Amino acid sequence: MRATHRCKGVVFGRDANGTETKDLRGSSADLTWLLPLRQAKQTNKQTNTKQTDMKIAVEGCCHGELDKIYETIGYLERKEGIKVDVLLCCGDFQAVRNEGDLKCMAVPPKYRHMQTFYKYYSGEKKAPVLTIFIGGNHEASNHLQELPYGGWVAPNIYYLGYAGVVRYRGVRIGGLSGIFKTHDYRKGHYEFPPYNQETLRSVYHIRNSDVFKLKQIRMPIDVFMTHDWPRGIYHYGSTEQLLRKKKFLRDEVESGTLGSPAAAELLNHLQPGYWFSAHLHVKFAAMMQHEARGNAAPKTTKFLSLDKCLPHRDFLQVVEIADRPGSSEKLEYDPEWLAILKATTRLQKPSPNIWHPPENNGLHSRWDYSASEEAMMEIVSALNGELCIPENFSPTVPAYDPSRPQPHAPPAYCTNPQTTEFCATLGLVDIYALAGQSTQNSTSWREEGANEEEEDEDNRSSGSVDEPSEYPTDTSMLSNSYNPDEITIEDEWEEEEEEEKDGGEVKMTGTDAVVPEAPVGAQDSDRDSSPQREAVGRLVLPPPRTASEIDEPSDLPLRLPPPSTAFSSCFSQTSSEEEGATPPARVPKRPSGETKGSFNPTGSTPRIKRRNQTIYTAADNEES
Numbered sequence: 001m002r003a004t005h006r007c008k009g010v011v012f013g014r015d016a017n018g019t020e021t022k023d024l025r026g027s028s029a030d031l032t033w034l035l036p037l038r039q040a041k042q043t044n045k046q047t048n049t050k051q052t053d054m055k056i057a058v059e060g061c062c063h064g065e066l067d068k069i070y071e072t073i074g075y076l077e078r079k080e081g082i083k084v085d086v087l088l089c090c091g092d093f094q095a096v097r098n099e100g101d102l103k104c105m106a107v108p109p110k111y112r113h114m115q116t117f118y119k120y121y122s123g124e125k126k127a128p129v130l131t132i133f134i135g136g137n138h139e140a141s142n143h144l145q146e147l148p149y150g151g152w153v154a155p156n157i158y159y160l161g162y163a164g165v166v167r168y169r170g171v172r173i174g175g176l177s178g179i180f181k182t183h184d185y186r187k188g189h190y191e192f193p194p195y196n197q198e199t200l201r202s203v204y205h206i207r208n209s210d211v212f213k214l215k216q217i218r219m220p221i222d223v224f225m226t227h228d229w230p231r232g233i234y235h236y237g238s239t240e241q242l243l244r245k246k247k248f249l250r251d252e253v254e255s256g257t258l259g260s261p262a263a264a265e266l267l268n269h270l271q272p273g274y275w276f277s278a279h280l281h282v283k284f285a286a287m288m289q290h291e292a293r294g295n296a297a298p299k300t301t302k303f304l305s306l307d308k309c310l311p312h313r314d315f316l317q318v319v320e321i322a323d324r325p326g327s328s329e330k331l332e333y334d335p336e337w338l339a340i341l342k343a344t345t346r347l348q349k350p351s352p353n354i355w356h357p358p359e360n361n362g363l364h365s366r367w368d369y370s371a372s373e374e375a376m377m378e379i380v381s382a383l384n385g386e387l388c389i390p391e392n393f394s395p396t397v398p399a400y401d402p403s404r405p406q407p408h409a410p411p412a413y414c415t416n417p418q419t420t421e422f423c424a425t426l427g428l429v430d431i432y433a434l435a436g437q438s439t440q441n442s443t444s445w446r447e448e449g450a451n452e453e454e455e456d457e458d459n460r461s462s463g464s465v466d467e468p469s470e471y472p473t474d475t476s477m478l479s480n481s482y483n484p485d486e487i488t489i490e491d492e493w494e495e496e497e498e499e500e501k502d503g504g505e506v507k508m509t510g511t512d513a514v515v516p517e518a519p520v521g522a523q524d525s526d527r528d529s530s531p532q533r534e535a536v537g538r539l540v541l542p543p544p545r546t547a548s549e550i551d552e553p554s555d556l557p558l559r560l561p562p563p564s565t566a567f568s569s570c571f572s573q574t575s576s577e578e579e580g581a582t583p584p585a586r587v588p589k590r591p592s593g594e595t596k597g598s599f600n601p602t603g604s605t606p607r608i609k610r611r612n613q614t615i616y617t618a619a620d621n622e623e624s
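Quick note on numbering: the sequence shown equals residues 1 to 624 in the UniProt record's numbering.
Since the hints were derived computationally from the structure, they do not count as laboratory data. This structure is a prediction, so every number in the text was calculated from the model and none was measured. The beta carbon of each residue, even a glycine, is placed where N, CA and C say it ideally should be. Do not take every clue at face value.
Distance condition first, Cα-Cα at most 16 Å in a straight line; then the derived EDC-like pairs of lysine to aspartate or glutamate [what the hints assert, rightly or not]: (1) K342 x E378; (2) K119 x E71; (3) K125 x D401; (4) K342 x D368; (5) K330 x D85; (6) K299 x E329; (7) K55 x D222; (8) K83 x D251; (9) K126 x E332; (10) K83 x D323; (11) K342 x E374.
Taking CB as the label site, the calculated pair distances span [as the list claims (entries may be wrong)]: (12) S370 x N295: 12 to 22 Å; (13) E291 x D251: 20 to 30 Å; (14) G362 x P407: 17 to 27 Å; (15) S122 x S255: 23 to 33 Å; (16) N156 x E421: 16 to 26 Å; (17) N360 x G294: 17 to 27 Å; (18) Q289 x N360: 22 to 32 Å; (19) H312 x T425: 39 to 49 Å; (20) H290 x H312: 27 to 37 Å; (21) K110 x T425: 37 to 47 Å.
Given these sequences and hints, build the entire structure.
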């Protein structure tokens, strides 16, 4: 029996159906934790299991639909007679404050909608439940970059940063923002607005520096979130049921290339009690038993991926986790995580050059950055013994005003006082401010793409010949979970080819959708790709090139350039300024697999089939 969630007469989603999932490694996975709440309570009574205390609502891809998500939670609370304590969102949150933020989100213009987050940012509404989220691959990146270590994006809505761990009622909740792409994985967080076609997408690619920090964690993690799935997790659930829902995943599942190898590495290291993901727009549950470490009993991770917030979709699930009696009712910093951040702050470089994590190979004086008890006590002392995260949200840009639309408003970029205060308290480097300063002094980073125009675009994805992937079996350059439900960047170019051409000339309409372009050779399509759609030549490595090193972060003063040269004033979005700005020309990107000088017998640009044009408005028609 399947219950539906109805809010104001509209079906927004479903709760769990309790379907048993088989572990392909040989044992039946116990998924009673996914039963509907009433059925789970009856099961607990029959087995004399003590009822847990804390109720966590987990949501898949948010896509800015906060009103609908909170309405669904309210419906569940009334129906089940419960109180949800915290909401976890697994990416594609879309914390869009105004029209300028829309232009920093990597989606075609036709999918850029304000949605409802701005109401919570402006104070018109307040989140009815504490909300914690990570970033995905469709985000207002200029907003989230202000908070590299995490912070409040609105009252009662907390972002975990590039990577982060917090505590709520004694439960440790961690997360890693973004998606995995091989060619950006070992770079620093060098991106800074205004984004070009390359950095608009690379800005949300996860980095090995953040994974390295998370691998320093030694204390148990209760809950962990990533946007894309850990690679191989599908082996621990009903793979056939997954493939019935998403047939296009079969090749990747059978080849073992579906998901993120970095997330799989973290799953093996952290071994959390729960792991939540999204990205593939499908509900999938699994249970993975890890190998025992020493004399300790083997740990088990319960994995759950959820859909996006649309009618008739499995986008929300409530799970129950035991809290720690006597723990604070406020969201708290995690001392171990803060100690790791402090220890690794000097390792951070806002550079697109390759970064190798310290290893015990005789080349580094230190490779273990795990937190000692003394280091954690120093953190507590620096915070004056107060671990509760201060509720110090303050808006940094004007919120969207429906009565005064500003469609040509430029993206705003400025430092966030939360990050400034946090860094000053713990002695950390503001990565975002450092990237902004370095961008002013290093124009060669963006010129670098022009030098690569002669190279095949796909070849560039695999890195330098003398910088092999950290994952020897990684084939993500061939396939990274292509999903017809996802927005593809090719849709944008195809749409413009059809609608903007007039007599062979491209009109200058709609060019405010993306800020200044990089050279064509430097562009990187960040769509998810299936093996059938990629060229085999992706495995060919480009010629080696010498990477210039930048100064150590400690040598660069944490001082931003004058607003007139580097930053637009966060509150200077006037209409005269908008109307006087000349939009930059758009250069259409070469389709994947097309190299410079390639022969085209028809004389026209190869076209890529557009998929699922109405994914945000149409009901799901692929139910099994």
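Comparing the hints with the structure gives:
1. For the proposed pair K342 and E378, the alpha carbon gap of about 10 Å is at most 16 Å, so the pair holds.
2. A threshold of 16 Å between alpha carbons decides the hint, and for K119 with E71 the separation of about 15 Å falls inside it, so the pair holds.
3. Proximity of K125 to D401 is assessed by CA-CA distance (about 14 Å); at most 16 Å being required, the pair is judged to hold.
4. Between K342 and D368 the alpha-carbon distance is near 13 Å, which keeps this suggested pair within the 16 Å criterion.
5. For the proposed pair K330 and D85, the alpha carbon gap of about 11 Å is at most 16 Å, so the pair holds.
6. Distance restraint check for K299 and E329: the Cα-Cα separation of roughly 28 Å exceeds the 16 Å cut-off, and the hinted pair is therefore not satisfied.
7. For the proposed pair K55 and D222, the alpha carbon gap of about 14 Å is at most 16 Å, so the pair holds.
8. For a cut-off of 16 Å, the pair hint linking K83 to D251 is broken: about 42 Å separates their Cα positions.
9. Taking the CA atoms of K126 and E332, the gap is about 20 Å. The hint is violated against a cut of 16 Å.
10. Proximity of K83 to D323 is assessed by CA-CA distance (about 14 Å); at most 16 Å being required, the pair is judged to hold.
11. A C-alpha spacing of about 13 Å is found between K342 and E374, which places the hinted pair at or below 16 Å, so the restraint holds.
12. The hint said 12 to 22 Å for the Cβ distance between S370 and N295, and at roughly 21 Å that hint holds.
13. Checked against the hint of 20 to 30 Å, the C-beta distance between E291 and D251 comes to roughly 29 Å, which is consistent with it.
14. Distance hint check: the CB atoms of G362 and P407 are about 58 Å apart, inconsistent with the given range 17 to 27 Å.
15. For S122 paired with S255, a C-beta distance near 47 Å fails the hint of 23 to 33 Å.
16. Here the CB-CB span from N156 to E421 is close to 19 Å, well matched to the stated 16 to 26 Å.
17. Restraint check, N360 to G294: a C-beta distance of roughly 20 Å satisfies the suggested window 17 to 27 Å.
18. A beta carbon spacing of about 29 Å between Q289 and N360 agrees with the range 22 to 32 Å that was offered as a hint.
19. For H312 and T425, the Cβ-Cβ distance of about 47 Å falls inside the hinted range of 39 to 49 Å, so the restraint holds.
20. Take H290 and H312: their Cβ atoms lie about 35 Å apart, and the range 27 to 37 Å holds.
21. Taking the beta carbon of each, K110 and T425 are about 43 Å apart, inside 37 to 47 Å as hinted.
Figure legend: structure checked against the earlier numbered hints; hints not met, in rising order: 6, 8, 9, 14, 15.
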